[in-house]
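If you want the building blocks of each chain, they are given just below.
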Amino acid sequence: MPSDQIDAHHHLWKYSSKDYPWMSEGMEAIRCDFLVDDLHQTLSEAGINGAVTVQARQTLIETDWLLQLASASKIVRGVVGWVPLVKSRVHDDLERLASNKKLKAVRHVIHDEPDNFFILREDFNRGIALLERFKLKYDILIFERHLPQTIAFVDRHPEQIFVVDHIAKPRIKDGDMEPWRRALADLARRQNIYCKLSGMVTEANWSSWTESELQPYVDVVLTAFGPKRIMFGSDWPVLLVASSYKGWVETVHRMIRSLSDDEQQWIMGQTAKMVYELD
Amino acid sequence: MQYNDLGKTGLKVSRLGLGASALGGVYGAVNEADAIKAVHVALDSGINFFDVAPAYGGTVSETVLGKALRGISRDRYFLSTKVGKYTKPGSYGEDTLDYSRARIRASLDESAKRLGTDYFDIIHIHDIEYQNREHTEWALQEGYGSVLELKGEGRIGGVSFGIYPMDLWQRIFSSLELDAGLVHNHYCLNDTRVLELMPLAKAKRIGVINASPFACGLLTDLGAPAWHPADAQSRLVFQSAADFCRRRGTSIAQLALQFASQNPAIPMTLFSAADPALVKRNVEWHEQPYDEMLLAEVRALLQPVRDKQWSY
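Residue numbers (the numbering used here), protein chains in the order written: chain A, 1 to 279; chain B, 1 to 312.
Treat the hints as calculated values from the structure; they're not laboratory data. The structure displayed is predicted, hence computed values, not measured ones. Backbone N, C-alpha and C fix where the C-beta goes; we use that ideal spot for every residue, glycine too. You may find that some hints are simply not true.
[Stated by the list, open to error] Pairwise CB distance ranges (calculated):
#	chain 1	residue 1	chain 2	residue 2	range
1	A	Val-36	B	Lys-88	25 to 35 Å
2	B	Asp-44	A	Asp-261	24 to 34 Å
3	B	Gln-2	A	Glu-159	37 to 47 Å
4	B	Lys-113	A	Ser-260	45 to 55 Å
5	B	Asp-109	A	Asp-261	29 to 39 Å
6	B	Lys-88	A	Pro-148	46 to 56 Å
7	B	Arg-133	A	Lys-173	46 to 56 Å
[To be verified] Below, a list of computed lysine to aspartate or glutamate pairs in the EDC-like style, where the Cα atoms sit at most 20 Å apart:
#	chain 1	residue 1	chain 2	residue 2
8	B	Lys-308	A	Glu-132
9	A	Lys-74	B	Asp-243
10	B	Lys-308	A	Asp-261
11	B	Lys-308	A	Glu-159
12	B	Lys-88	A	Glu-159
13	A	Lys-101	B	Asp-243
14	A	Lys-228	B	Asp-243
15	A	Lys-135	B	Asp-231
16	A	Lys-228	B	Asp-231
17	B	Lys-88	A	Asp-262
Sequences are here, hints too, so could you generate the full structure?
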């Protein structure tokens, strides 16, 4: 039986400039609707049969909307939603939302916060501390520069399971590997954190990236986390500014081909299934 | 190697037995020649009981065990297999459950052919709780009846079940005539619930067979395979305990094997390995007493997953 091929990271949206102000110049390719039918078509063409939808808007409406879409879709196995973690009302929000079995985790767009040390804020950490009792994981969206404080953050919550998105966004465009490599290795020493192999093409030069340019970054992630703590993700449709969906899937397959079949299966679906407790 | 009476079966079984699930690639790719050697090393170490199932590796475990037992005198070992659950070759998923009389009788013939023997000392009715217990009643009625019939015909020596949920075990032990019960994952470092069944087992002389001393891989340095239902948080707890043992210059697997196989109330514990070196190692570990202090410390570390029940 072929094991499930899971895309651990994608988005869905009904585009409006008001709701998605971050879609800047050059992102015309994604300034339109991407809904479940598009997802089904795109993923099945690439042999992917399960996916985890991740919040884009930072509202409770987004979380409810994504859960609603997930309930009607066989391919969407889980949702990483958004809740107001810094607010005291978040306990009630979590109680209401966590009864939906498809809510697997939450995320806040930390790397867009003006405060580089947002991740260490008391109110934010109080919210994070609530997640474990609801069996929710937390997706960490950061840039390379946030890694030191992220390590301190992860250490504050040793029982919480974390997933760092997009390999913590190294500066692939600049061809720089430090201090990202050392900091990521340090982060990976914490066993309660996993890593998504995603969002790489958008950190490279969108029009001229090559697989050989990405391979060293993949090798760092493999060494730091090991296949059993890595999960494949696409960041569709965002990746479309730089690559086709199928192109990214095939690139990843090639970049991990030196691993055993078992190890590749962990990366291409088993890790995501286990961490997010997908059916 | 110590030998114990297995309930009222009349069998005198080695305190350590070999489960053949690993021979079918359930825990990773297997070299057939090594797997055959593993079985022979087990025999030479004094192990006289082999357990298998058609479901393991989609019949591959039975085939490989059969190859290993070819030429070995049938009176040198006891053999059990299972009925009712079937998987496609090369995997441990996509199960078919069929507890009909026809399928069970055919299954016995198929297993007999693969294993090269016409007689099974014990037949376990397999995983009747799977698929949300949709087939449990069927298994307990037609399944049980069919296996009892085979015993009456002299084709098998004893009737047993191979399942997990404790509430089902209580029901089966109290309401059915059984010769043995293959209880997995309920006497290991993190779960000792098989002890709840001991009074009934003693009263009705049911031979309790303990299986999965390593909790399907959770109690090893490598951790459990992807198909194991344990969530990331639970795996973390097991991993911390494994790290702790490593820092102490030992391994959690050693403590796991020793603890699970040395309780005098339990006649036999099965482990599964397809590597002859691991078989040898496990037998050696079994013959040594474990460190009581270490046991206390490790069980304290495993407290968050103590008696946690998994949904296989």
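Verification of the supplied hints:
Here the CB-CB span from Val-36/A to Lys-88/B is close to 31 Å, well matched to the stated 25 to 35 Å. Hint check: Asp-44/B to Asp-261/A, Cβ distance near 33 Å, so the stated range 24 to 34 Å holds. Here the CB-CB span from Gln-2/B to Glu-159/A is close to 41 Å, well matched to the stated 37 to 47 Å. Our hint of 45 to 55 Å for Lys-113/B and Ser-260/A is violated, since their Cβ atoms are close to 33 Å apart.
Distance hint check: the CB atoms of Asp-109/B and Asp-261/A are about 34 Å apart, consistent with the given range 29 to 39 Å. A hinted range of 46 to 56 Å for the beta carbons of Lys-88/B and Pro-148/A is consistent with their spacing of about 49 Å. For the pair Arg-133/B and Lys-173/A, the beta carbons lie near 55 Å from each other, so the given range of 46 to 56 Å is met. Among the hinted pairs, Lys-308/B with Glu-132/A is consistent with the structure: their alpha-carbon atoms are about 17 Å apart, no more than 20 Å.
Note on Lys-74/A and Asp-243/B: the hinted pairing is violated, with a Cα-Cα distance of about 39 Å set against a maximum of 20 Å. For the hint pairing Lys-308/B with Asp-261/A, the CA-to-CA distance comes to about 31 Å; that exceeds 20 Å, so the pair is violated. Of the supplied pair hints, the one linking Lys-308/B and Glu-159/A holds, its CA atoms being roughly 17 Å apart against a limit of 20 Å. With a C-alpha separation of about 38 Å, the suggested pairing of Lys-88/B with Glu-159/A is violated against the 20 Å cut-off.
With a CA separation close to 32 Å, the supplied pair Lys-101/A and Asp-243/B exceeds the 20 Å bound. This hinted pair checks out: Lys-228/A and Asp-243/B have alpha carbons roughly 17 Å apart, not beyond 20 Å. With a CA separation close to 10 Å, the supplied pair Lys-135/A and Asp-231/B stays within the 20 Å bound. Taking the CA atoms of Lys-228/A and Asp-231/B, the gap is about 13 Å. The hint holds against a cut of 20 Å.
The suggested pairing of Lys-88/B with Asp-262/A holds, with an alpha-carbon distance near 18 Å, which does not exceed 20 Å.
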